[in-house]
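Colleague: Letter by letter, the chains look like this.
2 protein chains.
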Amino acid sequence: MKVAKFGGSSVANAEQLKKVANIIRNDSERKAIVVSAPGKRFSDDTKITDKLIEIGEAYVENKSYAEPLQFVLDRFQEIATELNISNQIVAEVREDIECTLQSSDSDALKLDAIKAVGENSSAKVLSAYLQSIEVHASYLNPKDAGIFVSDSPGGAQVLDESYDHLLKIREHKGIVVIPGFFGYSKDGKLITFSRGGSDITGSIVAAGLQADLYENFTDVDSVFCVNPTIVDQPKEITSLTYKEMRELSYAGFGVFHDEALIPAFKADIPVCIKNTNNPEGMGTIIVSQKEPQPNPVVGIASDTGFISIYVSKYLMNRELGFGRKLLTILEDEDISFEHTPSGIDDLSVIIRESRLTKEKEERVIARIKEELDPDTIYVERDLALIMVVGEGMDSTVGLADKATHAFTRADVNIEMMNQGSSEVSMMFGIKSDKVDAAVRSLYQAFFEEN
Amino acid sequence: MKVAKFGGSSVANAEQLKKVANIIRNDSERKAIVVSAPGKRFSDDTKITDKLIEIGEAYVENKSYAEPLQFVLDRFQEIATELNISNQIVAEVREDIECTLQSSDSDALKLDAIKAVGENSSAKVLSAYLQSIEVHASYLNPKDAGIFVSDSPGGAQVLDESYDHLLKIREHKGIVVIPGFFGYSKDGKLITFSRGGSDITGSIVAAGLQADLYENFTDVDSVFCVNPTIVDQPKEITSLTYKEMRELSYAGFGVFHDEALIPAFKADIPVCIKNTNNPEGMGTIIVSQKEPQPNPVVGIASDTGFISIYVSKYLMNRELGFGRKLLTILEDEDISFEHTPSGIDDLSVIIRESRLTKEKEERVIARIKEELDPDTIYVERDLALIMVVGEGMDSTVGLADKATHAFTRADVNIEMMNQGSSEVSMMFGIKSDKVDAAVRSLYQAFFEEN
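Residue numbers (UniProt numbering), protein chains in the order written: chain A, 1 to 450; chain B, 1 to 450.
No lab work stands behind these hints, which were simulated from the structure alone. Please note that a few of the clues may not be correct.
It does not matter which identical chain is meant; a pair holds if it fits inside one copy or across any two.
Computed cross-link-like contacts, DSS-like style, restricted to lysine-lysine with a CA-CA straight-line distance of at most 27 angstroms [as the list claims (entries may be wrong)]:
1) Lys290 x Lys431
2) Lys173 x Lys313
3) Lys313 x Lys290
4) Lys325 x Lys266
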């Protein structure tokens, strides 16, 4: 039994929805389908979810939401017409939105409910279309599916009992189509996951159903081993582990919602990333373990926008609690950090710049100065992190050599290095303006030579 | 004005003491002399301090201390005879020891006072000998010099006021000879520094006198760039910075007492390491800043006896406070750590094995499991750390490349890597049994090629 999730571009219009229906029809193992809201049909297009957010925000600010509402209605009208299904869906969308706005709920709950209209309607559309072509399918609301979540609008966390409820879907006759992105609190309020949360729903449903496979249909053939905007037509990854995917997605790989892997990971369900426009393609499969490879490096990820707070103090190393105190100061300011490479008497804390405001940074620096009395403290900006990722790197001599040589060849100075004893990844910190040159050189070293 | 400190082998017998006197006589800038206790005359010899500790311990355990006492007295008798100075010193040593043992002080204070007899008597001997050859010199007790310290036997910390007292030594007529290794608490108790603490006294006296140079005379011509028991006749380091010295001494470089550099470092006084047996040699000078070098690597240090606690948890990176909590657990057990290299979802804490008992380790592991709920936790043993050290490494492309390539050439797998943004050092963690091969290969790469 498989759970298939279709992303925004896969349900963006009638043409795409027909492809989705064909995919569903072609494999009787596909039992539960999870859908996103209609996404972009072309690169300049607007996603339905963005328009729904416009409606919600306009309402909260007491402004007119006629334009975005019309945009949403028009899109569903167009889809219904082209799929030749009842246009009752358009009336339902309008009613959903208006009822939500008139309700007595808080603004946060209203916004969540409005945002969810896209996925919800998308599921209804697909279900109606499947029925129209005589596929035995039915729409299933997350409440009826039993997806219960924490009461935190925009950042729902699934409650464990949901998995037991979802298991009962196995008894349903035919295929069920479930909207992604949201669940319900125990007192019946609609609560959304974080943005991109349809991937999370898919993963939860796959775990609940104890599926053999969670298929994640998107608009790329597979996961590339390096950012295709840096390297032209890079190699595709056929198989990688959860850990590898996680390390890659951390630093710039946007294919898959990070948090979404957890339910599948915990239930040990393989995840397959496939292309709605090329369903026969191999795709990329994410598994818990894989066979050792001759070249253990599966991918190179990179991301910019990091800073490093550098602190040095003579004999720091002897001061029990120095590192802990530094991290406590960050925690007090609610700042999570990435890495802490260190010398004997110095410590660098690498932080995503977006996690710091100017005020927070000033407070942190002032507290470090006052509480830790360092000899030196400064902030280094415009840093990029590059991760060379692959399980099994720990038993291969010469990988660090190959990687560092690639930096030399690209004439890039390595500012920081970090590799723990797991060796799923090697981290290199460099200046942001060198990142493309470094990534290209690493790609050449690990994927083009030999 | 210079402060010169002579180590144990430089005052081990009459022949060595004559060399010391010559050195003192040859440079009128040498104002204050600090001495250790007589050390080894040949490799199987026993240091006076070890015999003094035997006396103290035997006394505490109510055993006979006649043998070690006789050993100590015989040595001073031999020195006095050969130097042709009064053997009054022998009577004084016996009296010092007996009075201390009969006093009403605590055992800890007695042990400190007994241990200090070696340095104290050594200073008296040298002063008497200098006078006998008509050098204007006098013995100065640390109490009269004003070296006041914290009341922590065996681990004294100098009190800031000492520096003001010491400055007055500038007014003394002639040379002063001060015993190293101990000072006095504010209530007049003799308290020793940690073992090897004569280097600390020398550094404190140099800082107090605002000396132009602190000369540290030992039995090697200079600091080698790598451990000479691993590489035969390695290159000598002519000049290095405090930071570099500190990074090197951390991992296996035993030339200089770590803590001893602090007073000189804070007062910005250059430290020169010279050989009593070859005083004309260049030696090694330690300074706060030096000119950029074409090869910025000054040395390669290595040490074994490390373990790594590896912890991984899916999405650890999102858990604010994870790293801090882990460090708090270590701090609660009074365990200081060396480095914390990390991946996205894993963290390794490198610890000196000597800092952990089996019980502590079990408690730490149990608490991490209970409080942090990791997916994986294990301890990796038999690790060695290798530090490639040099200021200015941060602006040289290709050093990491060169270093990692040396590991490949020696067929050594790099388990861990760590380099902060200061880049005074690069750290590599490897298996202990590979350390000699790796160090030799690194030496070849950085000091023999080109």
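Colleague: If any of the earlier hints don't hold here, list their numbers in rising order.
Modeller: 2
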